[in-house]
Amino acid sequence: MRDEQPGYLRARHYFYEILESQAQSSRAGVIVNRFIVFFIVLSVGVTVMESVPELRNGYGRLFAALELLCLVVFSIEYYIRIWIAPEHLPYRHMSPLRAAWAYMISPQGVVDCISVMPLWIALFGPDDLRVLIILRMLRLLKFARYSSGMRSLLEVLESERRALLACLVILACATLVSATAMHIVEGHVQPEKFGTIPDAMWWAIVTLSTIGYGDVVPATGVGRLIAAATIICGLIMIALPVGIVANAFSEVIHRRDFIVNWSMVARVPLFSHLTAGDIAHIMQLLQARQIDRGEVVFRRGEPATAMYFIAEGEIEIELGPEDKGRRIRLGTGHFFGEIAVLNRVERSATVKAVSRTRLLVLDGADLRALIAREPSIARKINEIVEGRTGRNLNLEIADLEGQADVTVEESA
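Counted the way UniProt numbering counts, the sequence shown spans residues 1 to 412.
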């Protein structure tokens, strides 16, 4: 079959690296990403300008040509993403058809599908300009794939969904209570505004979500007291979700200099044998750090608090006098700093960046807990380091019930 031809698979992996890895070291990936972002902006800009009658009458044909060009670009991108779906780590155990379907029903796949729907609606569907305008504006959602800020925000909303849901429940309760109270107090005075609880709920929602109470003013003294209490509750209701999201967003931004994604973690050989669920768990533990050329990661003699994985770039390890000051260079996919962390000793080498480098940082406590959860990682560390240095580090797990206690016979 064609899928089994090595050249076909190499081509599919190549396009996956360009479209999905988002590696800044890949010039082709950077160019393609910027190219797609340009067409997203162009498409939305054309949609906005077409709403102006003077511009639509004067440049209608140009706008139509630009929209067709955008649709062609988005269609090609969509079909390529369907083709490369089996390269995604969560879909690698699936058949090509199942992987393609899994991508198509994923949130990003749905957004990509929406981006090309105006073409098919225009060709085969009803000529409803309003539907086309809405679908074309939804292309803005594609920015989530290319914007680290938007991806961080989505990550925050996902992690804080329970707290935000609790805020929504509290808001619903406050809306019902204030609407019921105003219906009882003001219903006979302003029946057209507060005659029913559903009518009063509109006033309650506006009052809780804004400063003041909109275009409906209470007529009774008790109604004004209820309105004042509702306004105060509204200030609290606004502050709660804003505070939750702002605090979590700030933590994510300060913790990570860039977004940790599936392909970044999957590129690390130490994690290549893990399941998609394990990878998802590790992604939550990893912090991201970006360092410039010549910048020191850590120095010899410093306390060891974390191990590092090289997502992109290259580092140089300067060993101590006991190793005659040898220098070792490691590139993308390698890791370092694990032995001192597991032995709970000071660093025995100085590490600096040879080029602009992206590092994934795993805290020492998280590393020991991860080994306790997945003992095969200890064996994998031993194999990789032995292949790198020729030394058998003999990593052993002494206690898997709580926090793993790992001993290392030699430190590096």
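FYI, nobody ran anything at the bench for these hints, they're computed from the structure. Do not take every clue at face value.
[To be verified] Calculated cross-link-like contacts (lysine to aspartate or glutamate; reagent style EDC-like; alpha-carbon spacing at most 20 Å):
1. 352 - 314
2. 193 - 215
3. 352 - 278
4. 380 - 363
5. 352 - 302
6. 352 - 374
7. 352 - 363
8. 380 - 366
9. 352 - 383
[Said to hold, decoys possible] Per label pair, the in silico range of CB-to-CB distance:
10. 210 - 243: 27 to 37 Å
11. 238 - 59: 21 to 31 Å
12. 13 - 356: 30 to 40 Å
Since the model is a prediction, treat every value here as computed from it, not as a measurement. We put the CB at the ideal spot given by N, CA and C, even for glycine.
(message) For a quick check of understanding: which of the numbered hints are violated here, in increasing order?
(response) 3, 6, 9, 10, 11 and 12
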